[in-house]
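Participant: One-letter residues, chain by chain:
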Amino acid sequence: MAHQNKTVDIHDEENYDPTVWVPKAHSHGTRALWKTFWLLLALTIIDVVLYFLMDPGMSRNVTFIILGVVKAAFIVYVFMHLTYEHKSLKMSIVLPMIGVVYLIVLLLKEADFWNYLNW
Amino acid sequence: MSNHAVSRKPTWAGGKSPFKISYGKLMMWFFLLSDAFTFSSLLVGYGAVRFSFPSAEESVPAEVQTWVKDNVVPFKTDNHEAFHDHGFVESMQMKGVFSESHWPAPDMVFNHFPGTHLHLPLMFVSLMTFILILSSVTMVLAVEAGQRMEKNKVQLYMLLTIVGGFMFLGCQAWEWTMFIGEGAKLFTNPFGPVTFAALFFLVTGFHGFHVFSGVVLNIIIYLNVLRGTYERRGHYEMVEKVGLYWHFVDLVWVFVFTFFYLI
Chain A
1 MAHQNKTVDI
11 HDEENYDPTV
21 WVPKAHSHGT
31 RALWKTFWLL
41 LALTIIDVVL
51 YFLMDPGMSR
61 NVTFIILGVV
71 KAAFIVYVFM
81 HLTYEHKSLK
91 MSIVLPMIGV
101 VYLIVLLLKE
111 ADFWNYLNW
Chain B
1 MSNHAVSRKP
11 TWAGGKSPFK
21 ISYGKLMMWF
31 FLLSDAFTFS
41 SLLVGYGAVR
51 FSFPSAEESV
61 PAEVQTWVKD
71 NVVPFKTDNH
81 EAFHDHGFVE
91 SMQMKGVFSE
101 SHWPAPDMVF
111 NHFPGTHLHL
121 PLMFVSLMTF
131 ILILSSVTMV
141 LAVEAGQRME
151 KNKVQLYMLL
161 TIVGGFMFLG
171 CQAWEWTMFI
181 GEGAKLFTNP
191 FGPVTFAALF
201 FLVTGFHGFH
211 VFSGVVLNII
221 IYLNVLRGTY
231 ERRGHYEMVE
241 KVGLYWHFVD
251 LVWVFVFTFF
261 YLI
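Sequence order for the protein chains is A and B.
One point on numbering: in our numbering, the residue at position 86 of the first sequence is 86, and numbering is uninterrupted.
One point on numbering: in our numbering, the residue at position 191 of the second sequence is 191, and numbering is uninterrupted.
Simulated from the structure, these hints should not be mistaken for laboratory data.
As the structure is a prediction and not an experimental result, all values here were calculated from the model.
Careful, some of the hints might be misleading.
Said to hold, decoys possible - No farther apart than 30 Å at their CA atoms in a straight line, the calculated lysine-lysine pairs in the DSSO-like style are these:
1) B/Lys69 <-> B/Lys151
2) B/Lys151 <-> B/Lys20
3) B/Lys69 <-> B/Lys153
4) B/Lys95 <-> B/Lys76
5) A/Lys109 <-> A/Lys24
6) A/Lys87 <-> B/Lys185
7) A/Lys35 <-> A/Lys109
8) B/Lys76 <-> A/Lys24
9) A/Lys35 <-> B/Lys151
10) B/Lys185 <-> B/Lys69
11) A/Lys87 <-> A/Lys35
12) B/Lys241 <-> A/Lys35
13) B/Lys20 <-> A/Lys90
14) A/Lys90 <-> A/Lys24
15) A/Lys24 <-> B/Lys151
16) B/Lys20 <-> B/Lys185
17) B/Lys95 <-> A/Lys24
18) B/Lys153 <-> A/Lys35
19) B/Lys185 <-> A/Lys24
20) B/Lys76 <-> B/Lys185
21) B/Lys69 <-> A/Lys90
22) B/Lys153 <-> B/Lys241
23) B/Lys69 <-> A/Lys87
24) B/Lys16 <-> B/Lys185
25) B/Lys95 <-> B/Lys69
26) B/Lys185 <-> A/Lys90
27) B/Lys20 <-> A/Lys87
28) B/Lys241 <-> B/Lys95
29) B/Lys95 <-> A/Lys35
30) B/Lys69 <-> A/Lys24
31) A/Lys35 <-> A/Lys24
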């Protein structure tokens with residue numbers, strides 16, 4: 001119980017204690033945040049406009065999915081601060097999503113076959 | 001007693017944090033990654049079912065499509081007055097615009113706006129998207145204020161985020177009420193294939209539940225901010241952690257919006 005009264009430096013990396021250690025926080029300003037907000041808003045408006053301007057079909061759907069991925073990337077990199085994180089964390093989060101891309105390819109192929117079966 | 005040499009290392013022997021972040025934030029990231037897989041499965045499953053049906057424009061006869069274009073005009077047609085004989089949904093069923101054999105076009109299904117009966121496709125869901133994006137900005141502003149240890153700003157922005165969350169939930173409740181009121185249930189769907197309604201309720205419900213839990217978490221953290229818990233702790237990282245969760249909810253909505261309302 002001797003350590004109980006010891007004060008711990010929560011930012012000290014040399015004396016790393018996983019239960020309390022936290023990196024020193026520093027602000028990156030609000031400019032990028034507001035820029036991202038306007039960008040997300042603009043992309044959403046473009047979504048709605050394209051819905052009425054483009055003919056329904058595969059090219060319109062692909063456009064929407066690309067716009068969705070762009071919006072998602074900005075949310076993750078700017079709002080969730082992933083761009084300021086260490087490379088190892090970036091890779092741990094982004095790389096596993098490749099599995100989702102593979103799932104999309106597999107299931108769309110499968111859906112084509114269900115359509116063929118007149119399911 | 002054994003005579004093996006036992007190393008007296010502490011539980012953690014990994015030295016510094018390999019990811020340069022605290023364990024709590026790291027776990028939040030990995031939780032969100034697993035949650036992303038859950039939502040991906042739901043949305044990709046929806047996509048597969050969606051593409052196993054023909055679209056309305058492939059299946060509905062050309063002259064009916066022309067009739068729809070002439071008679072269901074965005075911002076002009078009053079769905080109550082123009083379709084007073086049978087109602088909008090029943091009229092579309094009789095025309096074959098809504099049928100079990102093809103997927104309905106989302107602008108024919110989600111065309112309501114509170115306080116009016118005009119045909120306003122996608123307008124309400126765009127408003128919901130706007131509310132959620134805005135609450136994401138106030139959340140990230142709270143995180144930023146926390147990094148500068150500005151308690152008053154954190155308080156204000158957290159409160160605005162909570163208000164935004166409740167507004168979004170209210171909108172979703174209204175959207176569900178309209179959809180259910182027109183006859184959509186888990187296993188019945190007047191607009192087309194049953195799986196459309198089932199997956200709509202499943203996925204938007206699952207997302208809505210995430211929003212709800214996000215609001216609850218935000219309220220807990222907001223109360224802690226008020227009590228000065230993080231001022232005493234020396235950092236506002238808890239705000240950042242719930243912020244990650246809140247932004248993830250916004251991120252998922254981007255795809256729910258894309259798949260359910262646009263495609």
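Participant: Which of the stated hints cannot be reconciled with the structure, identified by number in ascending sequence?
Facilitator: 1, 3, 5, 6, 7, 8, 16, 17, 19, 21, 23, 24, 26, 28, 29, 30
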